[in-house]
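> Chains as they are written, first to last, in the numbering used here: chain U, 1 to 347; chain P, 1 to 164.
You may find that some hints are simply not true.
[As the list claims (entries may be wrong)] Pairs of lysine to any residue, SDA-like flavour, derived with a Cα cap of 25 Å: (1) P/K5 <-> U/S254; (2) U/K41 <-> P/V59; (3) P/K5 <-> U/K330; (4) U/K41 <-> P/H24; (5) U/K41 <-> P/E22; (6) P/K5 <-> U/H25; (7) P/K5 <-> U/E50; (8) P/K5 <-> U/M30; (9) U/K41 <-> P/G43; (10) P/K84 <-> P/D127; (11) P/K5 <-> U/V10; (12) P/K5 <-> U/E17; (13) P/K5 <-> P/E48; (14) U/K330 <-> U/D301; (15) P/K5 <-> U/F47; (16) P/K84 <-> P/G39; (17) U/K314 <-> P/A56; (18) U/K41 <-> P/K152; (19) P/K5 <-> U/P13; (20) P/K5 <-> U/D301; (21) U/K41 <-> P/K84; (22) P/K84 <-> P/H25; (23) U/K330 <-> P/H25; (24) U/K41 <-> P/V71; (25) U/K41 <-> P/A72; (26) U/K41 <-> P/R123; (27) P/K5 <-> U/E24; (28) P/K5 <-> U/R3; (29) P/K5 <-> U/E303; (30) P/K152 <-> U/S254.
In case anyone wonders, no lab produced these hints; they're calculated from the structure.
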Amino acid sequence: MLRLPRFRFVSPPSIEEAIHIRTEHPATSMYVAGGTDVYPKMKRRQFQPEVVIAIGGLVRDDFRGGTLAPLADTLPSVAEEGPLPLGPLPLGLRIGAGATLTEVAEHPRVREGYRALSIAAGLVSTPQLRNMGTIGGNVCLDTRCNWYDQSLFWRTAEGYCMKTHGDVVCRVATSSPRCLAVASADTVPALIALGAQINVVGPNGARTIDLAECYREDGINYLALEPGEIVTEIVLPPSDGWRSTYLKQRDRNSFDFPIAGVAAAVRMDRGVVTDARVAITALGSRPVRVDASALVGTKLDDEAIGAVADATHKAARPMDNTSGTISQRKRAARVFADRALRSLRDD
Amino acid sequence: MTDTKTMLTLRVNGDPHTFAAEPHHTLLEVLREELDLTGTKHGCELGECGACTVLADGVPILSCLTLPQQVAHADITTVEGLAKGPQLHPLQTAFAEEGAAQCGYCTPGILLSAKALLDANPRPTRDEIAQAISGNLCRCTGYTAIYEAIEKAAEMSAKAAQRV
Chain U
1 MLRLPRFRFV
11 SPPSIEEAIH
21 IRTEHPATSM
31 YVAGGTDVYP
41 KMKRRQFQPE
51 VVIAIGGLVR
61 DDFRGGTLAP
71 LADTLPSVAE
81 EGPLPLGPLP
91 LGLRIGAGAT
101 LTEVAEHPRV
111 REGYRALSIA
121 AGLVSTPQLR
131 NMGTIGGNVC
141 LDTRCNWYDQ
151 SLFWRTAEGY
161 CMKTHGDVVC
171 RVATSSPRCL
181 AVASADTVPA
191 LIALGAQINV
201 VGPNGARTID
211 LAECYREDGI
221 NYLALEPGEI
231 VTEIVLPPSD
241 GWRSTYLKQR
251 DRNSFDFPIA
261 GVAAAVRMDR
271 GVVTDARVAI
281 TALGSRPVRV
291 DASALVGTKL
301 DDEAIGAVAD
311 ATHKAARPMD
321 NTSGTISQRK
331 RAARVFADRA
341 LRSLRDD
Chain P
1 MTDTKTMLTL
11 RVNGDPHTFA
21 AEPHHTLLEV
31 LREELDLTGT
41 KHGCELGECG
51 ACTVLADGVP
61 ILSCLTLPQQ
71 VAHADITTVE
81 GLAKGPQLHP
91 LQTAFAEEGA
101 AQCGYCTPGI
111 LLSAKALLDA
121 NPRPTRDEIA
131 QAISGNLCRC
141 TGYTAIYEAI
151 EKAAEMSAKA
161 AQRV
C-alpha cells in the first residue's frame, strides 16, 4: 500500500495565519488546496513536507455558488446583488483560486466569455480530480518529467535526477545546466491567451502579476513567486469582442497530461482582428506566449494564420522527457495553432 | 513527526462515525481500516484509476487523495450506502443483470460515478456516460456492458418514477 509520509496537517483560519505558518517552516512546509498534485507526489516521496497547510477553503469565496465579482472595487459586489445576467463582461471576471476545475469549466460566464479557459479546465485529468483540484493549484502545477514522475523505488534504482537531488545531472540532457521538466498545466496557456493576471498575497503583502510573467524557464524553480506567496485570485480582463479556444494533445483521450497544448484568443471588430494572443504549454519548462501580431488587421486569413502557426512551431522547444517525440510535438504546435485560429473565424 | 492520533467524526452513508485516526491517513485508509467499509477499493492510490471513488455531498472524489479532515463537514457515500436494506440500487441491479462486472474491482467506483451522473442527469446520452466514468479504469470489460448497465439503470429509475 502506498501511504502518505507522516506530516502535520494544519487548517488555518485565515490567509495571514497560513502565511505565518509557512514562514515559520520555510524549508519543511507546503501549501495544499485540492491536493491532487501534492498528495501523489508526497506518496512517491517527490515532496516530503513535515507541515501541510490547507489553503483551498481560504481562497474560494468569490466563485462559490456561481457568483462573480466586478473588477472595480467601487462597484457593488455581486455577492450582494446575486449572479449577473449573461452577456459581455465589460468589467472582467475574478475567480477565487480555490474554485474547483469543474466549477470553472462549467460556469456559464466562463463558457460564454472565456471559452478557452472552460475547455482547458474541462480537459484536465478526470471528473473526480476536477472536482477536487483547483484553478489556483493548476496555475501552480509542478513540472513533469519521465525521470521525475516515477515511484521512489524506480528513482532510487536509477540514481534520481537534478529535480530532487541537486548534485545529480539532468537525466534528459546530461550537460544541461538546468532541469528540463515540462510545464504541464492546461489552464495556464488559456489564461495567458485571455490576458489573465493573478493576485497573490505573501509575507511582504499583496501584489498583482501578469500570469505570463509568473513562470521561469527552469523545471525546478518554475514559479516566479516569492517564498510563502499564495495565489488568491485569477483576474480576467473584459471579454467583449474576444473569442478563444484551446487544443490539447495527450496520450489517452479519456485523461492525461498534455504533451502539446495551444490556446488562442482573438478580439474581433466587424470581422477584423484588433488583438490576438496565442500561448503554448507542455512544449518547454514554461508556458510561452507566442507573437500573434501578424493576425492584427486581418480577417484571420490563411497567410496570417500560417505566420502565427510558424511562430508557434518556433516557440515550441520540447525535450525527450514526456510522451511523444520531439518532432511530433513540435509539429503538433504548428498544426494546433493553425486549427485553433481557423476555428475562431466568423464562419 | 508526531504519531498523535486525531479524533474525527465523519458522516458516512447517513451515519456519524467517530474514530481516532493518524493525521497522514487518507479517507480511503480510514474507510477501510477504521470503519471496516472495505467496498471502497485500493487501486493505484495516486489518483489515476478511480477504484477508490466515493461521493462527498454527491460529488465524485478520490478517497486515496483526500484527507478525512478535508471532508469532515460532508456527507460521504460509499458503495455500501447504495442499497437500502435488501433493496439494491437500480445501478446495482442493472450491473448484475447486464454482466457489467468481470473481476469487479473497479465496480464500486464506477457505481458511485454513475450514481452522481444519474442524480444530476437522469437520462444521459452514451457520450455523457462515457465522460462521467472517464476517470474509472476498467481493464476487463471494454466498457460496453457498463454503458448498457447505466442506461438500463436510468430506464429502471424512470419507470419507477412513473409508477410513483
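> Would you mind marking each hint as holding or not holding in the structure?
A quick look at each hint next to the structure:
In summary, the hint linking P/K5 to U/S254 is not supported, as the alpha carbons are separated by about 39 Å, beyond the 25 Å threshold. Between the alpha carbons of U/K41 and P/V59 the distance comes to roughly 24 Å, so the proposed pair stays at or under 25 Å and holds. Of the pairs offered as hints, the one joining P/K5 and U/K330 is violated, with about 51 Å between alpha carbons and a cut-off of 25 Å exceeded. For the proposed pair U/K41 and P/H24, the alpha carbon gap of about 14 Å is at most 25 Å, so the pair holds.
For the proposed pair U/K41 and P/E22, the alpha carbon gap of about 19 Å is at most 25 Å, so the pair holds. Between P/K5 and U/H25, the direct Cα distance comes to roughly 22 Å. Compliance with the 25 Å bound is thereby established for this hinted pair. As the CA atoms of P/K5 and U/E50 are separated by approximately 16 Å, the hinted pair is consistent with the 25 Å bound. A distance of roughly 21 Å separates the Cα atoms of P/K5 and U/M30; the hinted pair therefore holds under the 25 Å criterion.
Of the pairs offered as hints, the one joining U/K41 and P/G43 holds, with about 16 Å between alpha carbons and a cut-off of 25 Å not exceeded. This hinted pair does not check out: P/K84 and P/D127 have alpha carbons roughly 29 Å apart, beyond 25 Å. Distance restraint check for P/K5 and U/V10: the Cα-Cα separation of roughly 14 Å lies within the 25 Å cut-off, and the hinted pair is therefore satisfied. As the CA atoms of P/K5 and U/E17 are separated by approximately 24 Å, the hinted pair is consistent with the 25 Å bound.
Between P/K5 and P/E48 the CA atoms are separated by roughly 28 Å; this puts the pair beyond 25 Å, and the hint is violated. For the given pair, U/K330 sits about 23 Å from U/D301 by alpha-carbon distance, which is consistent with the 25 Å threshold. Among the hinted pairs, P/K5 with U/F47 is consistent with the structure: their alpha-carbon atoms are about 22 Å apart, no more than 25 Å. A hinted pair counts as satisfied when its Cα atoms are at most 25 Å apart, and P/K84 with P/G39 qualifies at roughly 16 Å.
Distance hint between U/K314 and P/A56 is unfulfilled; the C-alpha atoms sit about 45 Å from each other, more than 25 Å. A threshold of 25 Å between alpha carbons decides the hint, and for U/K41 with P/K152 the separation of about 39 Å lies outside it, so the pair is violated. For a cut-off of 25 Å, the pair hint linking P/K5 to U/P13 stands: about 21 Å separates their Cα positions. Pair hint P/K5 plus U/D301 does not hold up; C-alpha atoms about 65 Å apart against a cutoff of 25 Å.
A C-alpha spacing of about 38 Å is found between U/K41 and P/K84, which places the hinted pair above 25 Å, so the restraint is violated. Among the hinted pairs, P/K84 with P/H25 is inconsistent with the structure: their alpha-carbon atoms are about 29 Å apart, more than 25 Å. At most 25 Å may separate the alpha-carbon atoms for a hinted pair to count; U/K330 and P/H25 exceed this at roughly 42 Å. Restraint check for U/K41 and P/V71: satisfied, since their Cα atoms lie roughly 21 Å apart, inside the 25 Å limit.
In summary, the hint linking U/K41 to P/A72 is supported, as the alpha carbons are separated by about 23 Å, within the 25 Å threshold. As the CA atoms of U/K41 and P/R123 are separated by approximately 38 Å, the hinted pair breaks the 25 Å bound. The suggested pairing of P/K5 with U/E24 holds, with an alpha-carbon distance near 23 Å, which does not exceed 25 Å. Simply put, P/K5 and U/R3 have alpha-carbon atoms about 16 Å apart, close enough for the 25 Å limit, and the pair holds.
As the CA atoms of P/K5 and U/E303 are separated by approximately 66 Å, the hinted pair breaks the 25 Å bound. At most 25 Å may separate the alpha-carbon atoms for a hinted pair to count; P/K152 and U/S254 meet this at roughly 23 Å.
Of the numbered hints stated above, those contradicted by the structure are hints 1, 3, 10, 13, 17, 18, 20, 21, 22, 23, 26 and 29, listed in ascending order.
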